[in-house]
Amino acid sequence: MTDKKNKGTDPKTYKFDTLSLHAGYQPHKNAGSRQVPIYQTTSYLFDDVDHAAALFNLERGGHIYSRISNPTVAVLEERVASLEGGTAALATSSGMSAIFLTIMTLCEAGDHLVVSSQLYGGTVNLFRLTLPKFGIKCTFVKPRDTEGFKKAIQKNTKGIFGELVGNPGNELMNMPEISKIAHDAGIPLIVDATYQTPYLCKPFEHGADIVVHSLTKWMAGHGSSMAGILVEGGKFDWMQNDKFPTMTTPYEGYHGLSFAEEFGPTAFTMKARAEGMRDFGPCLSPQNAWNVLQGIETLSVRMKKHCSNAEEMVKYLLGHESVAWVSHPSVPDHPDHELAKKLLPNGRGSMIAFGIKGGKDAGVAFINNVKLASHLANVGDTRTLVIHPASGTHSQMDEATLKFAGLSHDMIRLSVGIEDIDDIKNDFEVGFRAARKPRLVSNQ
Amino acid sequence: MKFKVNGTEVFASTGGRPFDKNKPLIIFVHGSGLTHMTWVLQTRYFAFHGYTVLALDMPGHGLSKGESLKSIEEMADWVSNVIDSVGYKEASLVGHSQGCLVTMECAARNPNKIKTLSLMGGAGAIPMNSELLSLAENNDPKAVDLMMDWAHGPAGHFGGHPVPGLYHINTGGMLAKSRTIKNTLGVDFRACDNYKNGFEAAKKIKIPTLSILATGDKMCPVKEGKKLADLIDGSKVEIIDNCGHMMLLEEADRVLKVLKNFILSNYPAKLN
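First to last, the sequence lines map onto chains B and D.
In terms of the working numbering, the first sequence opens at residue 1 and continues consecutively.
In terms of the working numbering, the second sequence opens at residue 1001 and continues consecutively.
In isolation and in its complexed conformation, chain B is listed as follows:
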């Protein structure tokens, strides 16, 4: 193993910005096409019967049917795996399907999960109402209650799940501490890092074992396409205990294959694809995969602008007479400010929660009067977005659940876009003026 040219050097593997543009794709294998082709096809020719059998038996790699895999989608999967520092990835039709597929690959009926209470409302409902229908129960713990995660672990607990920065309250999970708790219990930590993207945080470097994303948000970035992904870190040892028999014992669905023995650091993704995609089928369309790839090409450029605009907006909101409170990890008195500096060194993200003086009525007036900021149920668009969570994204939660999740009726969720910062502020002034009017009336 000689390599005279490379003596005394650091590895020359490609770095983040280069991987964002190139990972997962080689033009010379695709007719020289510089851009990733969109393989708009359902299925793939077999050379002969032996080739078909080899693909079905996982004897060799390749594509069979686009529900299971697709060449355009595979480029996206490799690209995200490379950016996250993961071994493998599986793209899905949405972020929610990525979470569902992750849980269904990990758990069986009778299993239990420990889950952060501060999550996107749809995710809360999945864990609170839908998974119990499959016999999977969950215990919710407040994201800052690190010890609470430990106490909630039961004999049948198969994992800990949380959003690194909770939606919408911006509370952080102490990922390094909670991963240690998970690993001491012999279970994986699953982190939804949608808010961060790998540009702001690589959860595998802080102990996460599986990362999920709604690629619909900052990764795609332009509000055009739904997509999700699960990424495997490759470090978790599925064979360390007998908690994961479907990973470690012969699987009837593939001639007695043991995923952990055969695929080691990529076993989870292999199982999620071979079993989960086959049986549930939430596949990503090649067109949407391509749209997300376009977004990822400019991920670091956009994230820098998102974060700098967000920090400007935090300053503006903190000094505004109509604002009761501001929650963003960049604020020095934010309870997780120091943790955020450690986990999010490239920026604290572009999600801001703030309380508007005047409560729910003022919030409604604000939302109804801003013009540049879009009132819709999404985050991570290049455009600035606002919503009133208690009447929108989290409206299906009852009063007690809202309170436990840290949501209040005066809360506005702001996803800061990359417009000119002065235009965003001017738009907010219009909203705040309208929000003050009902209070003036009621004060009279």
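For the record, the hints were derived by calculation from the structure and aren't laboratory data.
Be aware that a few hints might be false.
[Stated by the list, open to error] Computed, partial: chain B to chain D, Cβ under 7 Å:
id : residue
1  : Lys12
2  : Thr13
3  : His22
4  : Gly24
5  : Gln26
6  : Pro27
7  : Asn57
8  : Thr87
9  : Ala89
10 : Leu257
[What the hints assert, rightly or not] Which bits of chain B does chain D cover? Going by a derived footprint, with three or more residues having C-beta under 8 Å, they are:
id : region
11 : 76 to 86
12 : 131 to 143
13 : 234 to 243
14 : 247 to 256
Glycine included, each C-beta is placed from N, C-alpha and C at the ideal position.
Assemble chain D onto chain B, guided by the hints.
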């Protein structure tokens, strides 16, 4: 499956099929610091096509117990003992990188026991870069990062894994970091560096031998592989272009095709 060799538990993948003593045996031997998982895109084919397959985890590696063996000669004898331990009298050997040194030495020492030899990314000697050796022996993860960099060609660096969704460099890196680096990679690199008998061993080999080399292999360049192949009577050489040292994964299909043709011709299985 798990079995014992010299009293120590060994793990070997059987390629997803049950171990069957009625079929011809092919043994796959991994490279420095790696595990049986590097062979997944070759072993499963043979296991489903009339062969019994053992993709070994060398002692102290992957799921095998014990300590890493310190010399290529010890590893060669250990592979010979594997054949005895599973109740076979003969086998076909396939090696990658360090595994080439091991299988070649084993074949030279056991001329009647080894029926064919397939070498991927092999050379008669594998002297180690001193910086890489030192990093590995000092348990520095940079050793793995450098190895992954140098071992991969375009497919590894850009991507395009034959298995959808897998990323070469991080997967390889995780395999090499799955046990303590100094106890696996460090010991293996030192064993490679110390091994001086490669060219002499090659001259003794009289069985059908295949060398698969790759044009982008920085660790065991084509010219070194050819130098070795020239010493083995009737040795066949196949060159994979646009590919690095990790050819068995980077260009898994092309490698499998070449390997399949060679083994099926020289060590045929009786298909049911």
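Supplied contact hint for Thr87 of chain B, tested at 7 Å Cβ to chain D: Given a least distance of 4 Å, the restraint on Thr87 of chain B holds.
Interface hint outcome for Ala89 of chain B [beta carbon to chain D under 7 Å]: holds, 5 Å
Hint check: 7 Å Cβ-Cβ cutoff, Gln26 of chain B to chain D: Holds, about 5 Å.
Supplied contact hint for Asn57 of chain B, tested at 7 Å Cβ to chain D: holds, 5 Å
Coverage criterion applied to the region 76 to 86 of chain B (partner chain D; beta-carbon cut 8 Å; 3 residues): Contact hint for the region 76 to 86 of chain B vs chain D: holds, 7 residues under 8 Å.
8 Å C-beta criterion, at least three residues: is the region 131 to 143 of chain B covered by chain D: Answer violated; 0 residues pass the 8 Å Cβ test.
Interface hint for Pro27 of chain B, Cβ within 7 Å of any Cβ on chain D: violated, 9 Å
Cut-off 7 Å, beta-carbon criterion: hint that His22 of chain B touches chain D: With a closest approach of 6 Å, the His22 of chain B hint holds.
Coverage criterion applied to the region 247 to 256 of chain B (partner chain D; beta-carbon cut 8 Å; 3 residues): holds (count 3)
Within 8 Å of chain D's CB atoms, at least three CB atoms from the region 234 to 243 of chain B: coverage verdict: holds (count 3)
Hint check, Thr13 of chain B versus chain D [nearest Cβ-Cβ separation less than 7 Å]: holds, 5 Å
Restraint outcome when Gly24 of chain B is required to lie within 7 Å of chain D by C-beta distance: holds, 4 Å
In terms of the numbered hints stated before, the structure departs from hints 6, 12, listed from lowest to highest.
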